[in-house]
Structure formats: C-alpha cells, structure tokens
Amino acid sequence: MSRVVIVHGVRNHQRGLSASEAAERLASRWRQQLTAGYQDARLGHLAIPEITAAYYADALHDSESQGAAQGLEDLSPAEQLAVLDWLSALGMPDGLAEGQSWGRLPLRQTLDLVARKRGVAAQTLARIAVAIMPEVYSYLASPKRRRNAQEAVAQAVKESGAKVVMAHSLGSIVVYETLHTFDGLGVEALITLGSPLGLSGAVFDMLDPAPVAGHGKRPPGLSHWLNIADAGDLVALPRRLGDRFPVDVHGETHMALADFHTLDMYLACGLTAAGLSPHCAP
-17 MSRVVIVHGV RNHQRGLSAS EAAERLASRW RQQLTAGYQD ARLGHLAIPE
33 ITAAYYADAL HDSESQGAAQ GLEDLSPAEQ LAVLDWLSAL GMPDGLAEGQ
83 SWGRLPLRQT LDLVARKRGV AAQTLARIAV AIMPEVYSYL ASPKRRRNAQ
133 EAVAQAVKES GAKVVMAHSL GSIVVYETLH TFDGLGVEAL ITLGSPLGLS
183 GAVFDMLDPA PVAGHGKRPP GLSHWLNIAD AGDLVALPRR LGDRFPVDVH
233 GETHMALADF HTLDMYLACG LTAAGLSPHC AP
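What the sequence shown shows, in our numbering, is residues -17 to 264, in sequence order.
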C-alpha cells in the first residue's frame, strides 16, 4: 500500500510522550480525518494511504526555548515584530491619525485596528498571534532547533520510503527547507496546507535557501507541488503561494470559520483528498 508522510504545524507538542509515541498518536487521528476527506471527495472506494507522522515539535521545546506565551505582553520583542509582519499581511488599517505610522503603534492597538478592518474579533487575532508566531519564530531563529526539526522530518521520509509529503502551517516551512537541505529523500509530490511560506518578513525573508528576486526556489526532485488554502485562513498568507514559489496547482477551499487553520480541517476536505489520491494509486 502507498504511504504518505504528514508533517504537523504549530501547537502539536505531545507532553509526556516519546517522539515515536507522539507520531503514532498523530497518525491515528489524521487517518480518521483523511478518511472523512476521501468520503467528502466521493473517493470512499479508494484505499486510504498509510500515514507516517513526521513529529518535530519536541525539537522546538528544548532547553533553549522559553515557556509558552499566555498573552501579547508575554511575547519577546522579536516575536512582536513577527506578529507585526503577519498583521501587515492581513491588511494595513486605513485612516491612521495624524502623526501615527504603521509599525510604531503599540502592538495591541495595531491589532485592534486590523481586527476592525478585517471584521474579526480582536481577541481572535490575539489568540492566533500568541499561538502561532512564537513557535514559527522559535524554529526560524535557532539554528539548533531548525536543524533538529529538519532531521526529524528527513528521518521520517527516509524510513517510510514515502514519495508524497503533506505539510501543514509551520510544517510547510520545515519541509520546504528540509527538501533543500537533505539530498536523496526521493520526494516527488508535495502538498502544502494552510502555508505561511510567503509571509513577508517573518517567514519568507528568513528562508534557507534565501529567495532570489522575490521568489523561492523549487525543492530539487519535486515533480508536483499542490498548495491548498482556505479562503478564511488568517495564517495562510498570501494564499496564492504560486506568486512567490513555483507551485504547480493552487486550490482554494471555503470551510468552517471556527476551524479555519487546523490540519484536521484540511485533511477532512475533499479537495485535499482529490489532490492526494492520484499520487497514491497502486
């Protein structure tokens, strides 16, 4: 049976479990969601591929890392700058008062202005900022954590022999760099879900290899790259990765607002199953 490696995003640290136990737990859950996705795509007659979970969250929670932030005030100055990059991508607020400029306002005030412009509750944006950006920064700012996370993903791909990799959120950043760093992994198809790879400043400008003339490089050996983003996903910015990366196909979904950036949501989506199934044919 065919096999796919799935790489998680943020907030997947499985406390109290070994890396292998955490991977098994995630793979079991994801299989249920992917089964729902096959049903949604009317592909229930096809066999679901075997799933290997690439678990790297423990690499981001080492002795160097700090405790999880509980609010905006707990973010470090560098993390706050990453949040500002994200808020800028969401859309700069119009009508700033005289003497005000973007990036010089207090973070919470900036967040409130963006929330009003987007028609989103400020508490929602604050919750996303605290949940996601510190972990993204934790990966990109530490060479040690970066390397350890990439090694975990590379090992999962090598040991599984999978030719297809699906990566969500921060996982798409880790996979993108892993495919450039490690030779001979044999990955032929990449499916990115809810990816912030193109986020200026906080992500795009920190990638390795560095973008050239505003464009990221295609991972070597890749024959197909599908990117899927939900229209309401506030983290997948910009949604059209093809404007900055050599993506072959871009798919846009319209799913539940309450579950807009979870891997479970993307796996249960028929568009994801339809994009995956051709690469898993026997």
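The set of hints was computed from the structure by calculation and includes no laboratory data. Treat the hints loosely; a few may be bogus.
What the hints assert, rightly or not - With a cut-off of at most 25 Å between alpha-carbon atoms, the simulated DMTMM-like pairs for lysine to aspartate or glutamate come out as follows: (1) Lys140 to Glu6; (2) Lys145 to Asp56; (3) Lys126 to Asp187; (4) Lys140 to Asp40; (5) Lys126 to Glu32.
**Request:** Would you mind confirming whether the straight-line C-alpha gap from Lys140 to Glu6 stays at or under 25 Å?
**Result:** This hinted pair holds, its Cα atoms lying about 17 Å apart.
**Prompt:** Holds or violated: are the alpha carbons of Lys126 and Glu32 at most 25 Å from each other?
**Reply:** Violated, because 31 Å separates the two Cα atoms, which is more than 25 Å.
**Request:** Below or equal to 25 Å on CA atoms is what counts here, so check Lys145 against Asp56.
**Result:** Not OK: Lys145 and Asp56 at ~41 Å, beyond 25 Å, violated.
**Item:** 25 Å Cα cutoff - pair Lys140, Asp40
**Value:** The given pair, whose Cα atoms are some 19 Å apart, holds under the 25 Å limit.
**Request:** For the pair supplied as a hint, Lys126 and Asp187, confirm whether the alpha-carbon distance does not exceed 25 Å.
**Result:** holds (19 Å)
Consistency with the previously given hints fails for numbers 2 and 5, ordered from lowest to highest.
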